Every structure is written in C-alpha cells, then in structure tokens.
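Protein sequence lines correspond, in order, to chains Y and C. The first sequence begins at 0 in numbering that gives the first Met the number 0 and counts up one residue at a time. The second sequence begins at 0 in numbering that gives the first Met the number 0 and counts up one residue at a time.
Hints listed in this document are in silico derivations from the structure and should not be mistaken for laboratory results. There's no promise every hint is true.
Calculated lysine to any residue pairs in the SDA-like style (CA-CA distance at most 25 Å, straight line) [unchecked claim]:
| no. | chain 1 | residue 1 | chain 2 | residue 2 |
| --- | --- | --- | --- | --- |
| 1 | Y | Lys315 | C | Lys91 |
| 2 | Y | Lys192 | C | Val136 |
| 3 | Y | Lys315 | C | Thr35 |
| 4 | Y | Lys187 | C | Pro95 |
| 5 | Y | Lys64 | Y | Cys218 |
| 6 | C | Lys91 | Y | Val306 |
| 7 | Y | Lys192 | C | Leu134 |
| 8 | Y | Lys310 | C | Ser110 |
Listed next, the stretches of chain Y that the computed footprint assigns to chain C, with coverage defined by at least 3 CB atoms under 8 Å from CB atoms of chain C [unchecked claim]:
| no. | segment |
| --- | --- |
| 9 | 186–193 |
| 10 | 246–256 |
| 11 | 268–281 |
| 12 | 303–311 |
Since we're looking at a predicted model, the values are computed, not measured. Yeah, the Cβ is synthetic: ideal placement off N, Cα and C, and Gly gets one too.
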Amino acid sequence: MSTEKVKEAIAKILPDVETVICYQQGFDGLHTTPLFIKIPEEINGLIWNPLCVQNLTSYLPSIKKKVGIVVKGCDSRTIVQYLQEGLIDREKIVIIGVPCTGVVSVKKVLREIGHQPVAGVAFDDNGNIVVKTSKGDRTLAIADVCPDKCATCQYPTPIVYDYLAGDPIKSDKPKESVHEDIRQFDEKTLEEKKAYWEKELEKCIRCYACRNACPMCICQDSCIAETREPHWISQKLSLTEKFMFHMIHAVHLAGRCVECGECERVCPMDIPVAKLKKKINTEMKELFNYEPGVDPDGKPPMYTFNVDEVKIKEHKL
Amino acid sequence: MSVVAGKELRIVGFLCNWCSYGGADTAGVSRFKQPTDLRIIKVPCSGRVDPLFVVRALLTGADGVLVSGCHPRDCHYTDGNFYARRRLEMLKRLLPFVGIDERRFHYTWVSASEGQKWQQVVTDFTNRIHQLGPLHVKKENEG
Numbered sequence: 000m001s002t003e004k005v006k007e008a009i010a011k012i013l014p015d016v017e018t019v020i021c022y023q024q025g026f027d028g029l030h031t032t033p034l035f036i037k038i039p040e041e042i043n044g045l046i047w048n049p050l051c052v053q054n055l056t057s058y059l060p061s062i063k064k065k066v067g068i069v070v071k072g073c074d075s076r077t078i079v080q081y082l083q084e085g086l087i088d089r090e091k092i093v094i095i096g097v098p099c100t101g102v103v104s105v106k107k108v109l110r111e112i113g114h115q116p117v118a119g120v121a122f123d124d125n126g127n128i129v130v131k132t133s134k135g136d137r138t139l140a141i142a143d144v145c146p147d148k149c150a151t152c153q154y155p156t157p158i159v160y161d162y163l164a165g166d167p168i169k170s171d172k173p174k175e176s177v178h179e180d181i182r183q184f185d186e187k188t189l190e191e192k193k194a195y196w197e198k199e200l201e202k203c204i205r206c207y208a209c210r211n212a213c214p215m216c217i218c219q220d221s222c223i224a225e226t227r228e229p230h231w232i233s234q235k236l237s238l239t240e241k242f243m244f245h246m247i248h249a250v251h252l253a254g255r256c257v258e259c260g261e262c263e264r265v266c267p268m269d270i271p272v273a274k275l276k277k278k279i280n281t282e283m284k285e286l287f288n289y290e291p292g293v294d295p296d297g298k299p300p301m302y303t304f305n306v307d308e309v310k311i312k313e314h315k316l
Numbered sequence: 000m001s002v003v004a005g006k007e008l009r010i011v012g013f014l015c016n017w018c019s020y021g022g023a024d025t026a027g028v029s030r031f032k033q034p035t036d037l038r039i040i041k042v043p044c045s046g047r048v049d050p051l052f053v054v055r056a057l058l059t060g061a062d063g064v065l066v067s068g069c070h071p072r073d074c075h076y077t078d079g080n081f082y083a084r085r086r087l088e089m090l091k092r093l094l095p096f097v098g099i100d101e102r103r104f105h106y107t108w109v110s111a112s113e114g115q116k117w118q119q120v121v122t123d124f125t126n127r128i129h130q131l132g133p134l135h136v137k138k139e140n141e142g
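Just chain Y, same shape as in the assembly (with noise of 0.2 Å):
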C-alpha cells in the first residue's frame, strides 16, 4: 500500500525539514484536510488515499523554512512552474512523489448520493468507492467520479521528486484528448458562447475562492480584482463585473495554469472557471509548442519572445 511507503519516506525525511505537509482525514470520511507533520509521532495521523485531492503545494512559496511536501503527478507541475518562475528554492523541498491512478471529486460523489451525510467511506481493490450513509451503501467506481483532469491525466508519476512513494505509472490516455473538450466547445457559434458564459458566470458570487485556491495566484492579497487604485472592478453586482473578475485570472494565467483543477474544486456554485484557462493553454500549446508545469528549465511564453514568431502572423484588416 503506498500509505505505508508515503509514511516510511515522511520518517526518513522529517529529521532535516521543519514541517512536512500531506493529508489527514477531515470533517467526515470523504473530506480530507491538510496535515502538517512536524514530530514524528504525528505520522499515524496521515491518510493516502484517493479523496487526497487538495493541491498541497500552494502552501510552498509562502514558507521560508525548508519542508517536505507530498504530491500526487499533477501537483508536481504546480512546483515545476513554480520553479520556472523563480517562486521557490528547490534546495528548500524535498518532494516525496507518489504515483496517482486518479482521484475523487468529492462534489460528483456528494451529487450521487445526494448530498446525503457521510458515516464512513471505503475503497475496494476493483477501483470503486464504498460510501456508506444513512440510506445504504453506494458503490461508485472512481473513474465515474473522478475530476475532469483525472480523465484525460498524462502526468500520473510526479515530474519532479526526491522520494517516490511506489512504482512510476505511464499514462494510457491519449495525448490529443487533453484538449479536446475545449475544441468542441470553440465549434459552437459566438452566440452560443455568449450565451453560455453568461448562463454561468452569471451564478458567480465573486466569492474569490477560485482565485484563493489557485496555487499560481500569487497576488493574492495584492489581486487587482480588490484593489482600489487600479480600481478594475467595481462591487456592482452586475454581469460584467463577474465576466471581468473570471477574465482578469484566465489573462493573469495565460501560459501558466497547471490545470490543477483547484478553481474549478472550491467553486461553490459549479461554474466550468478552469475551461477559460484551458483554453489559453490550447493556445500556448499551438503557438509556443509550451505546456505549463512540465519543463523545469522551461519559460513562460509570456515571460519571453522571439524577434521572429513563427506561428504569429500578421493580421490583415
């Protein structure tokens, strides 16, 4: 079980870092919270499963202090972008990597059962989840339940690790469908588009929670979404305000959304925020041949440039 081995590889580690950071099991068992692991007894509080969703890593470029870090393949591009961009010292982690066959979006399974509370949850070696609540149990395989970046997943082994917590996996889905959804959706007509967006961002609270979560936000406090002076957006609740707010963090991610999935995870009113950024990285992938969070020693395409640009042509009036 890699539990066992995330823990085996926490102990070895734990003596030359101040904290490391994975998961503990939170409120009920689907939740699972974050654990900061600082003396070695506190290690039998870890838990390593699939509902082990949240994007550790966005706790790194914040800290000082040399600490360890688990990550599952895709929050391994979150540090490698981090590292693109100079946000973190490498010297300062130490990465213990744990091969990932997917995970569970806690919000499908809460859609599945209704919203039903939670007594207990349990995996089976078939891939499914066992939930158990007050009307039954309910058997979900996960890969009905899991987040949308679970199904077309190309980085399932961390692309950067110290330490790896069971054996690397390839991934067995195509290449191509990574962005497929997004070529689908740019089939349909402007209206259609329109319409949709504004059916969706329409529901925006502007919570900010998106913006919270998202480990390449690093503004954070500083987002010109609240700043006075600039004052970009008003607090009017108005359409527009809220088509503002999703756009000023798709355009402040061009060329560096890891797609984590983060945004999408905490959005209290389910809106696709994730989709605008996507298809930014469609973009980047045409015009630069660029993927965020891949390359340790890649850049950012909107960080450089080339005096002649290839795929850019001129446009014509």
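Since chain Y is already given, all that's left is putting chain C on it; use the hints.
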C-alpha cells in the same frame, strides 16, 4: 453622449507614444481624411497595453478596440512590442471563446512616418466595426 446617434460607434485606440501616436499625428498634419469614431489613448509603449485594457473596454461600452505600436524591431524600448505581440495574440484567440467577435479587436504596427498607413488602418477598422454594428445594445431600446 458625444457619440453621434446612428452614425458613430465607440472605438478605443491604444497608441504607443513613439510610433503610432506619431503616425496618427502625421496623418492629421497631412490632413488625411479619417473617420471620427476612434478615441485615442496614448500609452508609453504597446507593451504597456494590458490585454485586460481591451477586455475592459469591450465590456464597458466600446464597440471595437485598436492597439497599435512600433513595428517589431523598432520599439523605442527595444522589446516592448515583442511582449505585446504575444499577449495580444493570446487575447485575440481568447475572445471568440467567450463569445466576443475577435474582429472587434485589432492590433497592428504603424510607424511615425506612416501617416498614409494610419489613415488606411483607421478607415478599414472603422468600416469593419460599422459592418459588425454596435456591440452593446442599450437596455432601454429592448422590448
């Protein structure tokens, strides 16, 4: 409202101080006839143009947005327009995804001596926006 009803549309132009603003000035000094829909905002460099300027303008009343800077390799600050080119191209590809016609946004390069080209750019872009019509239909006109 300074917009002449039925005749004019709102077009916002972000022009770099060194080339395109000079180009527009050249066109004016040479008395080239131009449409009057464009309102010019002078910026130090096309690299100063945040793609969000364009988004904000389009969301809050502009029918079209034009960005113009020095020709690539001619930037007053050496490389500002190279960054601008990448950002603006990204935006041009993002706009249709959210249901805004990408033809309402145009970016180009006009030097200070190209008065004639400036006249052409403004005329063609204004014609295009007039073909597309107003982006924002006033609420009181509805129903």
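Tested hints:
{"no.": "1", "hint": "Y:Lys315 <-> C:Lys91", "in the structure": "holds, 13 Å"}
{"no.": "2", "hint": "Y:Lys192 <-> C:Val136", "in the structure": "holds, 18 Å"}
{"no.": "3", "hint": "Y:Lys315 <-> C:Thr35", "in the structure": "holds, 21 Å"}
{"no.": "4", "hint": "Y:Lys187 <-> C:Pro95", "in the structure": "holds, 10 Å"}
{"no.": "5", "hint": "Y:Lys64 <-> Y:Cys218", "in the structure": "holds, 20 Å"}
{"no.": "6", "hint": "C:Lys91 <-> Y:Val306", "in the structure": "holds, 20 Å"}
{"no.": "7", "hint": "Y:Lys192 <-> C:Leu134", "in the structure": "holds, 15 Å"}
{"no.": "8", "hint": "Y:Lys310 <-> C:Ser110", "in the structure": "holds, 23 Å"}
{"no.": "9", "hint": "186–193", "in the structure": "holds (count 5)"}
{"no.": "10", "hint": "246–256", "in the structure": "holds (count 6)"}
{"no.": "11", "hint": "268–281", "in the structure": "holds (count 3)"}
{"no.": "12", "hint": "303–311", "in the structure": "holds (count 5)"}
Checked against the numbered hints above, the structure breaks none of them.
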